[in-house]
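Starting from the known structure of chain E, fit chains Z, Y and V onto it as the hints suggest.
There are 4 protein chains.
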Amino acid sequence: MKINILGSSGSILNQFAAEIRDIQFQSDSQRFRLNLERMGQIFAYEISKTLDYHAREVVTPFGTAEIPVLKNPPVLATIMRAGLPIHKGLMNYYDRAGSAFISAYRKVYKDGHFKIHINYVSCPDINGEVLILSDAVLATGYSMELCYRELLTYGNPVHTHIVTALSSTEGIDHLRKNLDTRQLTFWTCAVDDEMTAQAFLVPGLGDAGDLAFGKKGD
Amino acid sequence: MKINILGSSGSILNQFAAEIRDIQFQSDSQRFRLNLERMGQIFAYEISKTLDYHAREVVTPFGTAEIPVLKNPPVLATIMRAGLPIHKGLMNYYDRAGSAFISAYRKVYKDGHFKIHINYVSCPDINGEVLILSDAVLATGYSMELCYRELLTYGNPVHTHIVTALSSTEGIDHLRKNLDTRQLTFWTCAVDDEMTAQAFLVPGLGDAGDLAFGKKGD
Amino acid sequence: MKINILGSSGSILNQFAAEIRDIQFQSDSQRFRLNLERMGQIFAYEISKTLDYHAREVVTPFGTAEIPVLKNPPVLATIMRAGLPIHKGLMNYYDRAGSAFISAYRKVYKDGHFKIHINYVSCPDINGEVLILSDAVLATGYSMELCYRELLTYGNPVHTHIVTALSSTEGIDHLRKNLDTRQLTFWTCAVDDEMTAQAFLVPGLGDAGDLAFGKKGD
Amino acid sequence: MKINILGSSGSILNQFAAEIRDIQFQSDSQRFRLNLERMGQIFAYEISKTLDYHAREVVTPFGTAEIPVLKNPPVLATIMRAGLPIHKGLMNYYDRAGSAFISAYRKVYKDGHFKIHINYVSCPDINGEVLILSDAVLATGYSMELCYRELLTYGNPVHTHIVTALSSTEGIDHLRKNLDTRQLTFWTCAVDDEMTAQAFLVPGLGDAGDLAFGKKGD
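Protein chains in written order, with our numbering: chain E, 1 to 218; chain Z, 1 to 218; chain Y, 1 to 218; chain V, 1 to 218.
Chain E with its partners taken away, still in its complex shape:
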């Protein structure tokens, strides 16, 4: 699995990452979402460098230009609800891409163990397509793995790009050990080494879904 940690070299992406992590900025949920959206745009652009293009003849007011344009738009899948802002950023650059939405939840059993279930999925046919699967954060990697496997029941993508703003070392290891990594490229801004017992990244940013959309009720 090819891993691209875009924040390891200096760019404005780190500015946005700094703001989504920063408790000073986190009270402004509009800005939190905006920063994830901008990060999504940058991931969209960097991923676009790996896609296939073919020449199209474009008629201009003064002649004809031959320009390499996307052969096929990717399909943009995201994990509810925290993935929505980064997904909006991806959509901002891939106008004609179809979208998939998927949700997994953790069911905790009496003896304390838990299992992750898919409760919602809406996905186009992804057979032969490039899939870009996004979430705000990669923590344990269990949800990402399960969502990815569920999406594969909608067809075999030629390649899948997994995108998260922040990631954990453990989550990346999990994906590497449990998925067919020849089919995958992983994109993130930064990798945090630690996690809390509740699977929040350390230093991380807290709960991305709550920060973007408010705390859930009971």
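Source of the hints: derived by calculation from the structure; they are not laboratory data. Please note that the accuracy of each hint is not assured.
The list treats identical chains as interchangeable, and a pair is accepted whether it falls inside one copy or across any two copies.
Straight-line Cα separation of at most 25 Å, PhoX-like style, residue types lysine-lysine; simulated pairs [to be verified]:
id : residue 1 : residue 2
1  : 2         : 49
2  : 177       : 215
3  : 71        : 115
4  : 115       : 177
5  : 2         : 71
6  : 110       : 49
7  : 71        : 110
Frame of chain E, contents of chains Z, Y and V only:
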């Protein structure tokens, strides 16, 4: 149930409505989403005229201004997936509002009858809050009714505004007959009188979810 | 001259107005511009209620809808540089409108008196069009008057809407006394009664151009 | 002068470039501006890779992260009016950057020769700053040269990035011959070899200002 049909008087809202209905424009899914987003902004603004304000003292570089600002932001609930663009428009104006996402699906039984089930819900505590529940289109009204009932398990909103870009006469009747309408205000741009057997509005606009996000796979 | 003070009744517009006035928020120039842009959208929508519409037949996937759409898009003129964010908001709703840009500066003479000159104008033919002329703030009204007169050399608009986020009583009086007010409608969010000796509104918001784009150099 | 032609390798930038050139798309001025805005964002990101960063300690809900953030935001100058959409894209990524606006016009004399004059400039102090000077298109290079020289009267930038969506070979040569190229980096999507007698690029895209904002009146 108070009903506000904003498109019945002339405004730029009808321009956006014309474009989301128009098959000539529908091939441009970026614009389809943009138009729903702009309609969501206009609904956000018109609904805001009904909310409660209190005076806040604002310190400016040259003095102090007393300005009426929102007492409480509303909670913005939307129905997946077609409601997302209009919900984005609502979020664009209510920066500090929490969001709820909900999904219902139609389970068809062997004898042909169907039942609508909720499969996904993420909702903050809405007790004592103003709720704005949005979807792209109101067709039969069954999903809207069920989603609204499900959300009520997260608290009792002081008032609920239901917002859809387009609506059917039948759907509005359904809500009127089946919900406690003293708690509700209904907002839409236009009301279509007919529906197809598959519950698409006529003339309507087709399948709003597909137009925004692509056809679902099997 | 019809005067519409939109902030005199409660709406989300006042929230945006509170933020552009508030020194706490003013350090965030991105948000300052965003708020002016959102105010511009709301003015665009309210002004659109006064424009002329004609029925257009729109072919949908399931039929034909007759929808009132704009007869003619307005022309959107703005005064440099402070008017740009509110102008962006107006453009966001009038996709097909042409734009005019104009700049005036104050030339101060040795004896202390000054004269306002136009140094930049780019304007389409506005003959027979509806003109929407925007600036962030109306202070003395001298620049607005001069810019308006200059634009009239590009044709006779059927009507002109003058839009500023904040206005002074004195500025409105100036327009009323010096312009042909039958041709004008004035839109603002709030009217401040006082001005400083340097013609800043009190309480006002300070220098809108500096807040949006940074202090000018010498 | 370092020259970066970003469209020479495949990326989504070329999709946006194809659309701004394409007469089929050019009737949609909203989209024309959107595409220039998106190109501006991509230039902003690529240029950001060349800027200087310093580590900032960011306090998160679960710890402290050290993140490289911009030492100094650049100053964003643009040439009126065609540069505005690309400048908006640059502003979208550099929240805290100051902006400069400048305009030059061509004065044609009776004997047919012409001279370019600056008629409008609003510029912060740029001494010691990184300057990003944008326009939609670089044609002859005369306006760009003159605007750049004018801006230098507001201070000595440590480096200047000149950004245009499309450029001509002749225009680039002009800059190379007439400016101190050690201080300059040039960014564009594509370089066209030919120009019409009226200095429009061939194949080019036509008149970027007219396409974004409508034809000027007389």
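Against the structure, the hints:
1. 2 / 49: Classified as both; 14 Å inside a copy, 22 Å across copies.
2. 177 / 215: This pair counts as neither: shortest intra-copy Cα distance 33 Å, inter-copy 33 Å.
3. 71 / 115: So residue 71 and residue 115 fail the 25 Å test inside a copy (39 Å) and across (41 Å) alike.
4. 115 / 177: within (19 Å within a copy, 41 Å between copies)
5. 2 / 71: Close inside one copy (22 Å), not across copies (31 Å); limit 25 Å.
6. 110 / 49: neither (48 Å within a copy, 49 Å between copies)
7. 71 / 110: Close neither inside one copy (51 Å) nor across copies (42 Å); limit 25 Å.
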